[in-house]
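Colleague: Using the working numbering, read the sequence shown as starting at 1 and increasing by one per residue.
To be clear, the hints were calculated from the coordinates, so they are not data collected in a lab.
Cross-link-like lysine to aspartate or glutamate pairs, in silico, EDC-like; alpha carbons within 20 Å at most:
| hint | residue 1 | residue 2 |
| --- | --- | --- |
| 1 | Lys67 | Asp86 |
| 2 | Lys245 | Glu268 |
| 3 | Lys75 | Glu56 |
| 4 | Lys225 | Glu309 |
| 5 | Lys222 | Glu309 |
| 6 | Lys67 | Glu110 |
| 7 | Lys63 | Glu101 |
| 8 | Lys165 | Glu267 |
| 9 | Lys75 | Asp22 |
| 10 | Lys165 | Glu213 |
| 11 | Lys75 | Glu34 |
| 12 | Lys25 | Asp73 |
| 13 | Lys67 | Glu56 |
| 14 | Lys165 | Asp246 |
| 15 | Lys63 | Glu103 |
| 16 | Lys225 | Glu293 |
| 17 | Lys222 | Glu188 |
| 18 | Lys165 | Glu268 |
| 19 | Lys67 | Asp22 |
| 20 | Lys225 | Glu213 |
| 21 | Lys67 | Glu108 |
| 22 | Lys217 | Glu188 |
| 23 | Lys165 | Glu188 |
| 24 | Lys225 | Asp256 |
| 25 | Lys245 | Glu103 |
| 26 | Lys67 | Glu34 |
Now the in silico label distances, taken between C-beta atoms and shown as ranges:
| hint | residue 1 | residue 2 | range |
| --- | --- | --- | --- |
| 27 | Glu267 | Leu65 | 33 to 43 Å |
| 28 | Thr74 | Ala23 | 13 to 23 Å |
| 29 | Ser290 | Asn40 | 40 to 50 Å |
| 30 | Val240 | Glu267 | 18 to 28 Å |
| 31 | Thr155 | Ser68 | 34 to 44 Å |
Glycine included, every Cβ here is placed at the ideal spot set by N, Cα and C.
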Amino acid sequence: AWSIADALWWAKAYGIDGYRLDAIKHVSQDWLTELRAELNTAFPEPDGGRFYLVGETFDYFDKGLLKSFIDTDTKLDGQFDFPLYDVIIPCFALAQLGFDELESALRESEEFYGRSVRMSALLGNHDKSRFIAFADGDLPDPIDSDDEEVGWARTIRVDNAAAYKKLKLAMTFLLTIDGVPMIYYGDEIGMSGAGDPDNRRMMRFGQDVTVVEASVKAHFAKLAKTRAAHPSLYLGSRRVLAASKDQYAYVRKHEDDVSLVVFNRTEEIQRYVFELSPEVGDAVLTDTLSDTEITARNGRVVFELAPMESAVYVTSK
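Let's have the full structure, built from the sequences with the hints guiding it.
Modeller: Set out below in C-alpha cells:
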C-alpha cells in the first residue's frame, strides 16, 4: 500500500507520464494489478491520457513470461522486446542475419503480443554494450567473451565511419514499427562502450559532439518528428514489399496517411519497383530523411536508393 501510494504521489506531484518497472518478473502480479487500478482511477482517460507502464524482463526470452505481465486493462502496456533485440543486433550491427530473418522476428512479435500491446523495441540499454561497439567490430571480442571485462581492459572507440551508417539503418527500423521505441541516452549520437560500466559514459553535448555524431543526431531527429506527424508509422497496417538478405521494404497506412519504408544494406545503388496499391493510387511521396520525392502512378513507384541508406517516404500532411 505504501509503495503504490508513493508511486501515485510522484506521478501527481511532478506530472509523470509513465513508469518503467525494473525486473518486473520478480514482482507480485497482485501488486501490479493494484497499481494499475489506482493509476486508472487517478488518471482517467481521456482527461489526462493513459498512464504508461512498461516492464523490464531482462535476459529472459520466454515470450510467455513476458506476456503474462501484459494486459492493457489491468497490468503493463508492454515490455522491452529483448527477443527482438537479439535479432536487431546481429542484423544491423553485425550483418550476420538478413532482413528476411529480421522480418520473421518482427512478425512473430507482432502476432504473439497483438496490436493492442505496445512493446518497446530497443538498440541497447544500461545492461547491454553499446550498439555502435558491435557495429564497429569492437565486440564481440575474439579473446574475452565478457563485455564488462573488455570495457576495463581497453579503450572502445569508433574507428570506422561505416558503423554510423549501420546505426542510422537500425534507427530507421526502430522508429517505423509499432510500439514505443526505447532510446538509451547517447545512442542518438552513436556513443560507444562495452559492458557496464563502460556503457554509462558521460553524455556529450555541443562542441564535444563530432560532425559525424551530429549527423546521427540529425537523422534520429528527423525520424522522431516524422513518427510524431505520421500515425501510419505506429498505428498503421504494415505490408511487406521486400525482405531479402540486404533489401527490405514495407508500406504502412492509417486512414489517409501512408508511409513507405525502404532499406538498402548493400554497397551498391539499388533500383526498386513496388506496387503500392491498394494503399496508394496516384500520389507524390517525400523521403523525410533526404527530401527526395517519388511519384506513384496507379500505385506503381520506381526509384533508386544509395548504398547503406534508408528512406521513409510519406504522403503530405
